[in-house]
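In the order they appear, the protein sequences are chains A and B.
Here the first sequence stands for residues 1 to 113, where the numbers follow the working numbering.
Here the second sequence stands for residues 1 to 111, where the numbers follow the working numbering.
Do not rely on the hints blindly, as some may be mistaken.
[Claimed, not checked] Listed next, the in silico DSSO-like pairs over lysine-lysine satisfying Cα-Cα at most 30 Å (straight line): (1) B:Lys-69 to B:Lys-52; (2) B:Lys-3 to A:Lys-57; (3) A:Lys-57 to B:Lys-103.
No lab work stands behind these hints: they were computed from the structure.
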Amino acid sequence: KAGVTQTPRYLIKTRGQQVTLSCSPISGHRSVSWYQQTPGQGLQFLFEYFSETQRNKGNFPGRFSGRQFSNSRSEMNVSTLELGDSALYLCASSLGVGRNIQYFGAGTRLSVL
Amino acid sequence: DAKTTQPTSMDCAEGRAANLPCNHSTISGNEYVYWYRQIHSQGPQYIIHGLKNNETNEMASLIITEDRKSSTLILPHATLRDTAVYYCIAIESGANSKLTFGKGITLSVRP
Chain A
1 KAGVTQTPRY
11 LIKTRGQQVT
21 LSCSPISGHR
31 SVSWYQQTPG
41 QGLQFLFEYF
51 SETQRNKGNF
61 PGRFSGRQFS
71 NSRSEMNVST
81 LELGDSALYL
91 CASSLGVGRN
101 IQYFGAGTRL
111 SVL
Chain B
1 DAKTTQPTSM
11 DCAEGRAANL
21 PCNHSTISGN
31 EYVYWYRQIH
41 SQGPQYIIHG
51 LKNNETNEMA
61 SLIITEDRKS
71 STLILPHATL
81 RDTAVYYCIA
91 IESGANSKLT
101 FGKGITLSVR
111 P
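Chain B extracted, bound-state conformation (with noise of 0.2 Å):
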């Protein structure tokens, strides 16, 4: 599975649109990229995933760019309760393939 990157943290002002960055620029013809966030003390969520196309959702749009070396998780309208850390994870589907979570990049939402 390919290799991602994010930055460690970022801050977004309530309201405003969050947009997270990842980097995977040895993404295979057929990962996946999916998204998923951790609110504190409780268990990892499924955001959304993607494979070529942008993708958009109830809680968030993804953006993959078109050489698919990078991606970004946008919230459109970022809340308190959006604060986590979230997870950008290359993977390819199929029985084998299982998720491996790096550090991910913290999220604080500010009043």
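Extracted from the complex, chain A is given alone in its bound form (with noise of 0.2 Å):
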């Protein structure tokens, strides 16, 4: 069974622009959750997502949104980028709306210049 799909793996972007990252979750997973992991913060959650709704979210600004579309692949969006919004993004993917166990992708690296 394929695990969790990130792409694209690698992104460098600048102060501004808009960027939309994608997620393909483990065949049968129903929810996708988000998450931003810097070096100062750490691993922090920002929304999850199950049958196409937002269930659970994060302490982030609107400028991070995302969706869910009938296939259960996900996509999240940042706009007006800002250079803290470099991060390593992940995405997991569980069986149902806050289950525990999640399985993670490799994530999306964002470079904001």
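Once you've looked at the hints, go ahead and assemble the two chains, each given alone in its own frame, into the complex.
Dropping the structure here:
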């Protein structure tokens, strides 16, 4: 069974631009969660989607948004990029909402210049 | 969710058991203890979880004290590939639960 796939693996953007990251969950998993990892703040929860609806949200500004499609694939978008948005963005999938056994992808490394 | 406290780092020799401690003195009765690890440049990986009883799987064993205020993750025969950051998380199950990762403990396995 294929694992969680995140694309692209690396991305370089400039301040003010926007970016879209993609996540394909494990087949049969309906919940997708997104996390941001930085050296200073560690791993922080962004949001969780289940059945195309956002079910949980972390403490991030509205510039961070996401969506989930009917095939459970998910995208997250960051608008008006800031230097501090440089981070590893991780996606995790699980069978259902609020499930604590999550399977993580390798992440997308975003650098904002 | 209960706060967990872990040492910053530890090391062990390859082939020996690695015992990683975690304190969760404010854990409530319906909070589980989960362990994840993150190998450098990879996403976190689920290892094991438990509520009250000790648990074992192909990766590790989890020992939870009777008062549930602390636990120990045991890697019985550590290898170099077990070098990683290990996170201990105390969390309820439920639709509103979300994993909260602390700083974790960095385990270095030496040859």
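Taking the hints in turn, this is what the structure says about them:
A hinted pair counts as satisfied when its Cα atoms are at most 30 Å apart, and Lys-69 of chain B with Lys-52 of chain B qualifies at roughly 10 Å. For the given pair, Lys-3 of chain B sits about 20 Å from Lys-57 of chain A by alpha-carbon distance, which is consistent with the 30 Å threshold. Our distance criterion of 30 Å between C-alpha atoms is met by Lys-57 of chain A and Lys-103 of chain B, whose separation comes to about 21 Å.
Figure legend: structure checked against the earlier numbered hints; every hint is met.
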